[in-house]
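**Q** Combine the two chains into a complex, taking the hints into account.
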Amino acid sequence: MVVASTAVDLARVQFAMTSLYHFLFVPLTLGLAPLVAVMQTLWYRSGDEAWLRLTRFFGTLLLINFAIGVATGLVQEFQFGMNWSIYSEYVGDVFGAPLAIEGLAAFFLEATFLGLWIFGWNRLSRGVHLATIWLVALGTWLSALFIMVANSWMQRPVGSTVTDGRAELTSVWELLTNRFAIWAIAHVILVGLTTAAMVIFGVSCWHLLRRRNMDLFRRAAKLSLIVAVPVSAVNLALGSHLGVVVTEYQPMKIAATEALWDTEQPASFSIFQIGGFSVDDQTPSFDIEIPRLLSFLATGSFSGEVQGMNRLQSEYEQRYGRGENYIPPVRTTYWSMRIMAYVGTLIFLVAALGAFLYWRGRLDRTRWFLWLGVFSIALPWVSALAGWVLTEVGRQPWIVFGLLKTADANSPSVTPWTIGLSIGVLATLYLALAVVDFVLMRRYATVDPPEPVGEGGEEALPAAGY
Amino acid sequence: MDLQIFWFCLIGLLWAGYFLLEGFDFGVGMLLPFLPRDERERGVMFETIGPVWDGNEVWLVVAGAATFAAFPAWYATMFSGFYLALLLVLFFLIIRVVSFEWREKSESPVWREIWMWANTVGSFGAALIWGIGLSSLLYGVPINSDGDFTGNLLDLFRPYTVAAGVAVVLLFAFHGATFLTRRTTGDLCERAAAAARRLAIPAAAVATLALVWTVVVAVDRNDKDLFPPLLPAALGIAALAFAVYFIFARRSGAAFTMTALGTVLFVATLFTSLYPRVMVSSTDFANSLTIDSASSSHYALAVMTVVALVITPLVLLYQGWTYYVFRHRLGGDEHAADPVELVARKTGA
Chain B
1 MVVASTAVDL ARVQFAMTSL YHFLFVPLTL GLAPLVAVMQ TLWYRSGDEA WLRLTRFFGT
61 LLLINFAIGV ATGLVQEFQF GMNWSIYSEY VGDVFGAPLA IEGLAAFFLE ATFLGLWIFG
121 WNRLSRGVHL ATIWLVALGT WLSALFIMVA NSWMQRPVGS TVTDGRAELT SVWELLTNRF
181 AIWAIAHVIL VGLTTAAMVI FGVSCWHLLR RRNMDLFRRA AKLSLIVAVP VSAVNLALGS
241 HLGVVVTEYQ PMKIAATEAL WDTEQPASFS IFQIGGFSVD DQTPSFDIEI PRLLSFLATG
301 SFSGEVQGMN RLQSEYEQRY GRGENYIPPV RTTYWSMRIM AYVGTLIFLV AALGAFLYWR
361 GRLDRTRWFL WLGVFSIALP WVSALAGWVL TEVGRQPWIV FGLLKTADAN SPSVTPWTIG
421 LSIGVLATLY LALAVVDFVL MRRYATVDPP EPVGEGGEEA LPAAGY
Chain F
1 MDLQIFWFCL IGLLWAGYFL LEGFDFGVGM LLPFLPRDER ERGVMFETIG PVWDGNEVWL
61 VVAGAATFAA FPAWYATMFS GFYLALLLVL FFLIIRVVSF EWREKSESPV WREIWMWANT
121 VGSFGAALIW GIGLSSLLYG VPINSDGDFT GNLLDLFRPY TVAAGVAVVL LFAFHGATFL
181 TRRTTGDLCE RAAAAARRLA IPAAAVATLA LVWTVVVAVD RNDKDLFPPL LPAALGIAAL
241 AFAVYFIFAR RSGAAFTMTA LGTVLFVATL FTSLYPRVMV SSTDFANSLT IDSASSSHYA
301 LAVMTVVALV ITPLVLLYQG WTYYVFRHRL GGDEHAADPV ELVARKTGA
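Chains B and F are the protein sequences, given in the same order. At position 143 of the first sequence the residue is numbered 143 (the working numbering), and the sequence of numbers has no breaks. At position 330 of the second sequence the residue is numbered 330 (the working numbering), and the sequence of numbers has no breaks.
Hints listed in this document are in silico derivations from the structure and should not be mistaken for laboratory results. A portion of the hints provided could be inaccurate.
[Claimed, not checked] In silico contact screen, one side only, chain F against chain B (beta carbon under 7 angstroms); selected entries:
hint	residue
1	Ala66
2	Ser80
3	Tyr318
[To be verified] From the derived model, a few chain F residues whose C-beta atoms are all more than 10 angstroms from chain B:
hint	residue
4	Phe34
5	Pro36
6	Arg37
7	Asp38
8	Glu39
9	Tyr83
10	Leu93
11	Ile95
12	Lys105
13	Ser145
14	Ala194
15	Ala205
16	Asp220
17	Phe242
18	Asn287
19	Phe326
A virtual CB, placed ideally from N, CA and C, is assigned to each residue, including glycine.
The following block holds chain F by itself, in its conformation from the complex (with noise of 0.2 angstroms):
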């Protein structure tokens, strides 16, 4: 296989682990103003998140570093060209990022409002710009024969990506409500689990939309023939119809499964889309950047193939693990005193 080839699906794999991952923590993070009813109860769903959420953005510092290092001409195009946009990112997702540490820092009601909304609003916005983001690179945006970005950020809304980027927040929503109704117990896990029914329909109908859209840009605008892309596509909207049908009889594991896979397949059906391609170009198709045009060498590639099948296996067992240590649901007693409030009540602080 060529290490091209590789490093794309690669590519493809972390952004469909950090989809998966970082997927429910977005999702948990834009109802936390919604599903609970007390302090106590957002610091159980800040919990269900915590020891793994940071992990889980790991997998997008190096999808991006992957595309870097495997793609330098893909990975300066798209950095340079979606200036605006990633901009709007890194903003969402510092706010977020300490949101985690600092909230619990004070016990100011309105201190902890603020990182609350920090971390709602990072998760809402930066679930939005991914989803708009991706779905360009197929879409096409202006892109001169020198390889440059010539648009501006209006260029990345389009009626296509708009909609895949809503797709990506409902997707989120409902993974990260079902992701809830496995981590928690009691009152909240119920109300976890009426926030999925809710979210479910609405989730997996506008997500059937992008992804059926998704092929039809795939054939319109990027040459592609109906198969391979309608082969993942139809495999989601199946994942997402079974996610429906289980939040609905009342399991939440397959309905987890099932909005796992489904978030998944959306990743893949957007990457074997685009595939040979990285960028279209909506200039003229043929400045589109491509996995050739866009590689670095055959010695680099080999050199990082190698170091990825070592590292690889590595990071997923010990990922995996934390979430096995972690797999306790969360709500009960134990949680009743939160840690901070007993550090104050020590120290008199």
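In isolation and in its complexed conformation, chain B is listed as follows (with noise of 0.2 angstroms):
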């Protein structure tokens, strides 16, 4: 790790730690809260017990990570007053606003109906007990919109203007319309779905390996396909399309990312290169590169004209003030961009794979692809991470892009030291909290689905009690 000194470098490390860790555990939640609703529904519609099983299996699951995330969360909601004070204050009109919003519109549902789910399995009817995993699902999703549309923000500040050195809303349908926001929305719920298909997915495969409720999790593993295989496919569609949206209003950040340093056109795109990543080190001592598929990539046309950062830099060195370097961490963006494309184009083609297998019959046989799909699993999280790190970095040197300077909005008040205290005990907890979560989520993810007790799941065990 970098060794930090000051408080705003200690502040990034922070934030980068709990927002990482955070995200950990909300795609999950993202997409295992509508799956368990699908597989409930399935069993509401037909009456077949495997679903209920499944539901169940799974939503075990869902509640030992929905757990933590809340946990986590709290301390998302806290830091940005705690470290981050200057900003606070700066933008608490505009980007408070959809906190405020996903607290009561989101939250409050997530966890009210969660409760009635968990704890109504014989005390609701059956239609009104399917309906609460849904509102679930819908508060977790409500919760992304919300967060989105203040991340965006950040990204691309609209509907909003700088008075007496602060930012003011002037139109929240600004806001919630921001191109960024809506393309970023659908991104992160089809990263959920993704990875709750493949957890469900490597789940199976590990229970298909084992040769045991084969029928249960050929069931699991065909719905996860359903999803896994379509979704990752347009996921990584819309991934390329924001990609265009930010070049649009960022292009610093999508030059960084390309390591791109003199403006092309047409641009190439560059696979794999090593250095190139300075602004000493301009020219890469090795790369491999595809001819106009980055000014595809960037402006949808295969002729179009990609800026560079030694153009960008003058520029925004006239439009923002000089002696400043507006050039983010160029080694940083330009891998975390290909971990997050190559993985997640790897994740489509295990999961069609495994539709291909399926299809022909031969996947619970196919033992060589079953392990695959276990060690699947982790896929999904590396893209997803990378692909925070690539947003957020490649924003620097800005915390609100073209108003604020990260290095301009930490807490004036708190010191490096407490700073690096609550680091030791955030990391300390967190890594207890992990090593845990981890366990308990092998251990129910290896058990055998529980047989439900009594006559069509009336008297069925609760999906998992407190």
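**A** In structure tokens form, the structure reads like this:
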């Protein structure tokens, strides 16, 4: 880890740590809540007990995951004010609104109806009980929506003006219909669905390997593939389109991501390169390129012009002030984008191959592939976390693009020692939680799904009690 | 009415809702090591709040986010200023949140003991710090002319604020005990009632002290007249006196109503005493943050007011319905079978 000596560096380390950690749990909740709801709906409509057992089985994983997501979410809300008080005061008028609305419209919904779902198996009618899990899913999606609205405003501040040294909301409609936000919301929800589908698929593969509960996990695998194949494919296209949107509003982020120092038309896409990541070393010593592909990815046309960092730097100096470096860390953005995209592609390939094997009826016999499925559980996280690194690091040196710099936004009253202490406390706590969470998830992902007790599931066990 | 006043009241209301609802969750958590005779009874106690605690905690999350959105300068100064206190709160809340879900994921007695204590310690700690933190807003902390906090953690610990913190802990324990008398049956219910009787007088006495002290601090340090702060304080004291009476008169429903009222009026007294300031500066009274100096623009407040007026009634409706669904007392034979044990037995895990 970089040795960070100043308060702002430490605050950044803490934010990176807590946010990436929080996002270990968010995408699984985003995807698993609706998929468990789908399973329960299949049971509700067909009366087929297999779907009830799967609902319970994956519902337990959802709950273990949800608990830690709630716990780490608290840190997310508090730390804006704790570590970034100047930022908070500057943006509260605009950025605070989606956060407050998220709490009112989304958190109450998911928390309340999750309680009803967990404890309501024998108290609510089947229809009402089914509605509760769908409302939980709705709550998680609404939450993602408002968070992405808030984050997208940091990427592209719309619907606001700066008055007396702070941003003020001028149009909530513009805030909500930020082009950046619309694509980012869709992207993050598809990431959630992909993650959950790959988890369901990987867990199913593991049970198929053990050759137990074959019928049950063949169904789960089928459901997960029906989701994973199209969703991961659409997400690749969508992520690529998000690149076009970014190019329009944050050309520097794209230039840095592509390690493109000089403006090119048409621009080629670098698949892999060594060197060429700093101002003093602008030419890679080795690279593999595909002609014209970057033009297409960034502008949507194979002959489009893509601006380089050198030109953008001088433009930004004129617009935002001289003597500043407006180039984000090039190596980090370059590789985070590639990890995101390459692993994203790999996810699609695994899912597509899985679907092919399933279609040919060979899935349960192809053991090497089942093992691949198990280990592919990790892939969505690698891709998603790399995506966040790209989004946030690529915006630097800005915390709110074009308005406020990260270096000017931390809390003046908080000393490096204090932040260091809190990093120590949270890192220790998070590590312990991660170990427990991993052990619990593994344990409950590998047990046999419980048989419902009694007839038709009426007397069945709760999905999990507290 | 000014939108600033509306949002100040709404944030006060959110805190009151949080204290009212999470108050008995915390109280149940505090009583976990003392009331139950066995693991089954512990499970029953967990289950009395199991379906609702998460929704109750959202009141805090929304209070925080509403402060961020409506009074950014308040949020910025309070959260950066109370840094270490809030770090502690986060620690307490996190270990408590995960304890609900994780405790019964294993049958090992040590494991269950650990997470029970996590819940208890988390409940005690969070209640204490919220009491100290909220009363510090009124008592005053060092704030310079830029509106930045210039003190340290110890500036939050004053005789008055510590008294308020202890009052909140006792109040929640009492409130939790009266809650359990309404939600359990049999022997456990009787022990909850006994605990409530033991807690009643200390809780009411310390809370009365804290309420009177709050009014004194409001007059002394926040330039307030005796009225209006005296009104919620007097009503709060009366409610707690009635709570004591009802618990000894074995009227648990009335007692719970009164502890609920007392908790809400405790928050109401703090916020009434604070208005129109949101954080008093002990460095120079003129540096205090007020609802006007700390607030967002009129447009932002107006947008959020519309959203709040549409959504809040819905939230109250479905949260209220949850309490209706889970109104049955717990502790009878239906809970003799622990679901996890059943699962484990079935699967041989």
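**Q** Which constraints among the numbered hints does this structure fail? Numbers only, ascending.
**A** Per hint list: 9, 10, 11, 12, 19 violated.
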